[in-house]
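S.K.: Position 228, counted from 1, in the sequence shown is what this note's numbering calls 347; the numbers after and before it change by one each time, with no gaps.
Hints listed in this document are in silico derivations from the structure and should not be mistaken for laboratory results.
Please note that a few of the clues may not be correct.
[Said to hold, decoys possible] Derived DEER-like restraints, expressed as beta-carbon distance ranges:
| hint | residue 1 | residue 2 | range |
| --- | --- | --- | --- |
| 1 | Ala-305 | Glu-255 | 39 to 45 angstroms |
| 2 | Met-335 | Arg-212 | 21 to 27 angstroms |
| 3 | Phe-254 | Asp-312 | 40 to 46 angstroms |
| 4 | Glu-308 | Pro-249 | 41 to 47 angstroms |
| 5 | Arg-294 | Glu-255 | 21 to 27 angstroms |
| 6 | Arg-301 | Thr-253 | 52 to 58 angstroms |
| 7 | Glu-149 | Leu-311 | 42 to 48 angstroms |
| 8 | Ala-305 | Gly-277 | 29 to 35 angstroms |
| 9 | Ala-262 | Glu-322 | 54 to 60 angstroms |
| 10 | Leu-282 | Gly-216 | 32 to 38 angstroms |
| 11 | Gly-138 | Glu-271 | 49 to 55 angstroms |
| 12 | Thr-252 | Arg-315 | 53 to 59 angstroms |
We put the CB at the ideal spot given by N, CA and C, even for glycine.
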Amino acid sequence: MASVAKAGNSKDAPTNPRGIPQAPFVDRVEDYVTDRSEVESTINSFKEMISYASLPSSANLRKSNIRPHSIPQLTSFLSPRRKYQFMQQNTQRRASGLKDKIPDIQKTLETVRFLQSRSSTSSSSSTPEPLETTFELNDTLYARASVPISDEVYLWLGANVMLSYPIPEAEELLRGKLDTARSSLATCEEDLDFLREQITTLEVAFARVYNWDVAMRRKEREDGGGEGVRRGRRGEVGGK
């Protein structure tokens, strides 16, 4: 149980900064399998770990006398609502939403900055001219409009909520939202890389167990064949 003992130095299983647990790395197959009868259950346990994100800590394993290859007991520690693949899909959806959201925030921020520049220019003029622009009403449908110069703008905040802001405050708000969205997107991409790495680690784990099983089968066949030859030779000698 070398890998379990090594991981047991910390109280909890290692996680990334967002608390996603790290998959166990199988260095020695013998730490998880004692004989060939346990191979199938061990491989299945690693496959299930790909689905389950909440891995048990080694401290909890020791307290409950649970071996890593004991799948019925192992899965009792795993939360069925937190899965690697579910978390991966959920993070991908979040990243996709942020990728759609960031350009909209950027366009809105550019518009507010443009209005800010027009407002500053008009403040020095005794007769400010209205802004002539074109509004998109629908796809391929536009309308001309004359917008009077103003010191405030209205921003949609979601859920059918629109609030009025002074232009400098609106710019500051949008700039903060843009920074937050970019930071969240970077976090999502980092988590996706981490999740892919954990899934790959577990896939390698059960591949190693499978290859170990193949090697043990071959060894048993070779040992069995050699034993049969020795028995045959002993029979020949006895007959003589």
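S.K.: For the pair Thr-252 and Arg-315, does the Cβ-Cβ distance stay inside 53 to 59 angstroms?
M.R.: Check failed, 46 angstroms falls outside 53 to 59 angstroms.
S.K.: Just to be sure I understand the hint, the distance between the Cβ atoms of Phe-254 and Asp-312 should be within 40 to 46 angstroms; is that true here?
M.R.: holds (42 angstroms)
S.K.: Hint says 29 to 35 angstroms; check whether the CB-CB distance for Ala-305 and Gly-277 agrees.
M.R.: violated (22 angstroms)
S.K.: Regarding Glu-149 and Leu-311, is the given constraint of 42 to 48 angstroms on their beta-carbon distance met?
M.R.: The hint (42 to 48 angstroms, Cβ to Cβ) is violated, given that Glu-149 and Leu-311 are roughly 33 angstroms apart.
S.K.: Would you say the C-beta atoms of Met-335 and Arg-212 sit inside 21 to 27 angstroms of each other?
M.R.: violated (43 angstroms)
S.K.: Is it true that the C-beta distance of Arg-301 to Thr-253 lies inside 52 to 58 angstroms, as the hint says?
M.R.: At 29 angstroms between Cβs, range violated.
S.K.: Starting from the hint 49 to 55 angstroms, judge whether the C-beta atoms of Gly-138 and Glu-271 obey it.
M.R.: With Cβ atoms ~42 angstroms apart, the hint is violated.
S.K.: Can the suggested window of 39 to 45 angstroms be confirmed for the beta-carbon pair Ala-305 and Glu-255?
M.R.: violated (31 angstroms)
S.K.: Has the hinted range 32 to 38 angstroms been met by the Cβ atoms of Leu-282 and Gly-216?
M.R.: violated (22 angstroms)
S.K.: Hint says 41 to 47 angstroms; check whether the CB-CB distance for Glu-308 and Pro-249 agrees.
M.R.: holds (44 angstroms)
S.K.: A range of 21 to 27 angstroms was offered for this pair. Does it hold for the Cβ distance of Arg-294 and Glu-255?
M.R.: Holds: the Cβ-Cβ distance is about 24 angstroms, inside 21 to 27 angstroms.
S.K.: With 54 to 60 angstroms as the target window, see if Ala-262 and Glu-322 comply at their CB atoms.
M.R.: 56 angstroms Cβ-Cβ, so the 54 to 60 angstroms window holds.
The earlier numbered hints that this structure contradicts are 1, 2, 6, 7, 8, 10, 11 and 12.
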